[in-house]
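2 protein chains.
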Amino acid sequence: MKVILVGFGVIGRGVINVIKRKREYLKKRYGMDLKVVAICDSSGAAIDENGLDLDLALEVKKKKGKIAEYPDKGVSLPATEVIETLDGDVLIEATPTNIENGEPAKTYIIQAFKSGKHVITANKGPLALYFQELMSYAKKYNKIFRYEASVGGAMPIINLARETLAGNEIIEIKGILNGTTNYILTKMERENLDFDTVLKEAQELGIAETDPYQDISGLDTAAKIVILANSIMDMNVTIKDVKIEGITRITPEALTMANKGGYTIKLIGEVKKNKLEVGPKLIPLDDPLNVKGSLNVAKLYTDLAKEVIVVGRGAGSIETSSAILSDIISIYLQMSKQ
Amino acid sequence: MKVILVGFGVIGRGVINVIKRKREYLKKRYGMDLKVVAICDSSGAAIDENGLDLDLALEVKKKKGKIAEYPDKGVSLPATEVIETLDGDVLIEATPTNIENGEPAKTYIIQAFKSGKHVITANKGPLALYFQELMSYAKKYNKIFRYEASVGGAMPIINLARETLAGNEIIEIKGILNGTTNYILTKMERENLDFDTVLKEAQELGIAETDPYQDISGLDTAAKIVILANSIMDMNVTIKDVKIEGITRITPEALTMANKGGYTIKLIGEVKKNKLEVGPKLIPLDDPLNVKGSLNVAKLYTDLAKEVIVVGRGAGSIETSSAILSDIISIYLQMSKQ
Numbered sequence: 001m002k003v004i005l006v007g008f009g010v011i012g013r014g015v016i017n018v019i020k021r022k023r024e025y026l027k028k029r030y031g032m033d034l035k036v037v038a039i040c041d042s043s044g045a046a047i048d049e050n051g052l053d054l055d056l057a058l059e060v061k062k063k064k065g066k067i068a069e070y071p072d073k074g075v076s077l078p079a080t081e082v083i084e085t086l087d088g089d090v091l092i093e094a095t096p097t098n099i100e101n102g103e104p105a106k107t108y109i110i111q112a113f114k115s116g117k118h119v120i121t122a123n124k125g126p127l128a129l130y131f132q133e134l135m136s137y138a139k140k141y142n143k144i145f146r147y148e149a150s151v152g153g154a155m156p157i158i159n160l161a162r163e164t165l166a167g168n169e170i171i172e173i174k175g176i177l178n179g180t181t182n183y184i185l186t187k188m189e190r191e192n193l194d195f196d197t198v199l200k201e202a203q204e205l206g207i208a209e210t211d212p213y214q215d216i217s218g219l220d221t222a223a224k225i226v227i228l229a230n231s232i233m234d235m236n237v238t239i240k241d242v243k244i245e246g247i248t249r250i251t252p253e254a255l256t257m258a259n260k261g262g263y264t265i266k267l268i269g270e271v272k273k274n275k276l277e278v279g280p281k282l283i284p285l286d287d288p289l290n291v292k293g294s295l296n297v298a299k300l301y302t303d304l305a306k307e308v309i310v311v312g313r314g315a316g317s318i319e320t321s322s323a324i325l326s327d328i329i330s331i332y333l334q335m336s337k338q
Numbered sequence: 001m002k003v004i005l006v007g008f009g010v011i012g013r014g015v016i017n018v019i020k021r022k023r024e025y026l027k028k029r030y031g032m033d034l035k036v037v038a039i040c041d042s043s044g045a046a047i048d049e050n051g052l053d054l055d056l057a058l059e060v061k062k063k064k065g066k067i068a069e070y071p072d073k074g075v076s077l078p079a080t081e082v083i084e085t086l087d088g089d090v091l092i093e094a095t096p097t098n099i100e101n102g103e104p105a106k107t108y109i110i111q112a113f114k115s116g117k118h119v120i121t122a123n124k125g126p127l128a129l130y131f132q133e134l135m136s137y138a139k140k141y142n143k144i145f146r147y148e149a150s151v152g153g154a155m156p157i158i159n160l161a162r163e164t165l166a167g168n169e170i171i172e173i174k175g176i177l178n179g180t181t182n183y184i185l186t187k188m189e190r191e192n193l194d195f196d197t198v199l200k201e202a203q204e205l206g207i208a209e210t211d212p213y214q215d216i217s218g219l220d221t222a223a224k225i226v227i228l229a230n231s232i233m234d235m236n237v238t239i240k241d242v243k244i245e246g247i248t249r250i251t252p253e254a255l256t257m258a259n260k261g262g263y264t265i266k267l268i269g270e271v272k273k274n275k276l277e278v279g280p281k282l283i284p285l286d287d288p289l290n291v292k293g294s295l296n297v298a299k300l301y302t303d304l305a306k307e308v309i310v311v312g313r314g315a316g317s318i319e320t321s322s323a324i325l326s327d328i329i330s331i332y333l334q335m336s337k338q
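Sequence lines, in order, name chains A and B. According to full-length UniProt numbering, the first sequence is numbered sequentially starting from 1. According to full-length UniProt numbering, the second sequence is numbered sequentially starting from 1.
Since the hints were derived computationally from the structure, they do not count as laboratory data. Careful: at least some of the hints might be erroneous.
Any copy, or any two copies together, can satisfy a pair, since identical chains are not distinguished.
[Claimed, not checked] Taking lysine-lysine pairs in the BS3-like style, the calculated list, with each CA pair at most 30 Å apart, reads:
no., residue 1, residue 2
1, K275, K27
2, K260, K27
3, K306, K200
4, K272, K139
5, K73, K292
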């Protein structure tokens, strides 16, 4: 199993750490001999067809900031060239999310399919913008395309709906798909603080990003429900089809009033036939959707199993890499049966 | 895909109804041509190698109570002989649970493996008592063994842990795995009623069984945590290893007191290293384990994804059959790749 990793930020390093941790387990449990044959970042790449030294790769990145500085095997080749020319089974695409045009991830993913590689991505951008196009490339080149980590981090939802609940029609999805906003609302509610104060604190703690616009505007949640709609509800929609409202206008007074009536307020993403919506909603206090802190939750309504709810950590480098690892294993098992 | 169904009670009929409902979908989506070649109950069997008429089978069972009365193709053969001699891909074992010795399910399952059939069961008995033995037969005869419906009905937990969370080590499981007791405790709490009153009412509504011992004693939950321990935590335990306490001594006063302190009381099954336990526990009101009514919930604690919680319907004939259908699809996909 030869893996090419593109993107060596928080997620990419998480993937490498998880592979290091699980390498022996993968060999023992699945007979998988996993080699990372290339790691690319914006500086270039480290390439070794016999498998890179992962400790060394992490150290080089930490000390020098550039994977191209990897001794002997570091090169200044762009990722596009590595993907196209290097022999490998799977591309793990972990570059930063770009919700405007999905690049450079989109190009990398298509190149990987064209050059005969399966693809795993954690990247919402290309999926929310070009889902059908990317799927058609996967189909054309007969390659597997997995993206569990793109929605809900470690909260397993896509593979849950498609495989664990196989046979069920997913009629409706409703959930909290953004941990930052859930953290902010939970804290505002518990400590009676206003939005700006909590946002500032969350930024200082590194829970919210310096530019929190995508999270608090609801855009991040909207991208995720588009992915869910396309991938597990057979829809064909983009982010333009979603009615979006953020949480910036929620006050601690509104939360207190909601509480008094037996409710809380959550930023909910919702998909059903003819309705894609993101916005603050009243949720009963004893509803399973009322999860606290930065947890994510999704409620699927299906024709046979009826309601199925799943809760998990929506962020974190190891947690997100857990979803990527499950995708690696799934691809390996499918490859080894062919 | 030739299916033999043994057991034509609530679950068996649910399976047939779900197959009827999903037959076209299975053909379209997976290319699966599913035929039920035999249905067995205690009266005998209906057999048709070209596939039984499922509407007719349901009607015969409803009107005459015996599948052996199926016109022309009804026979008084015992299930053992049908399983052994009839050509088929998968045995769906849906006979009543026997927590004493696992029979007759255990015999049927082993026979199916020996005669070259994959097996799906919804039956806790043989799994809680003879897990390792049954697995060894599956391995010896190189057959697939699936049992998602045996724990939590439509709540997907086994396949979730083994496949969707593949690569994760499951360190701890904690959950409500019995809908009847959850219904009773929820009702006692909400309406301030005592145990006996609520139990009686639940029996009248058909939510609790006439003999509710297995549910209220915690035995049913214990069987389920044994299955989880063996199947997703690589343990080798039986029901004798579980410390069990039921809910018969819980009073409405205890629930009110717990509520005042911010807690509720739930019948919790718990597995971790060196600890298998079933008993009433205090659960914080805002904990995801505090689900209401007859819902089931399981909290998995894993090394990478950390906590993952899943909630679903623990009972119901269509809901349970949903889990069996997912197992059918999974086996079909594995067969068609070989």
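Structure-based check of each hint:
{"no.": "1", "hint": "K275 / K27", "in the structure": "between (45 Å within a copy, 29 Å between copies)"}
{"no.": "2", "hint": "K260 / K27", "in the structure": "neither (55 Å within a copy, 51 Å between copies)"}
{"no.": "3", "hint": "K306 / K200", "in the structure": "between (40 Å within a copy, 27 Å between copies)"}
{"no.": "4", "hint": "K272 / K139", "in the structure": "within (26 Å within a copy, 43 Å between copies)"}
{"no.": "5", "hint": "K73 / K292", "in the structure": "neither (46 Å within a copy, 58 Å between copies)"}
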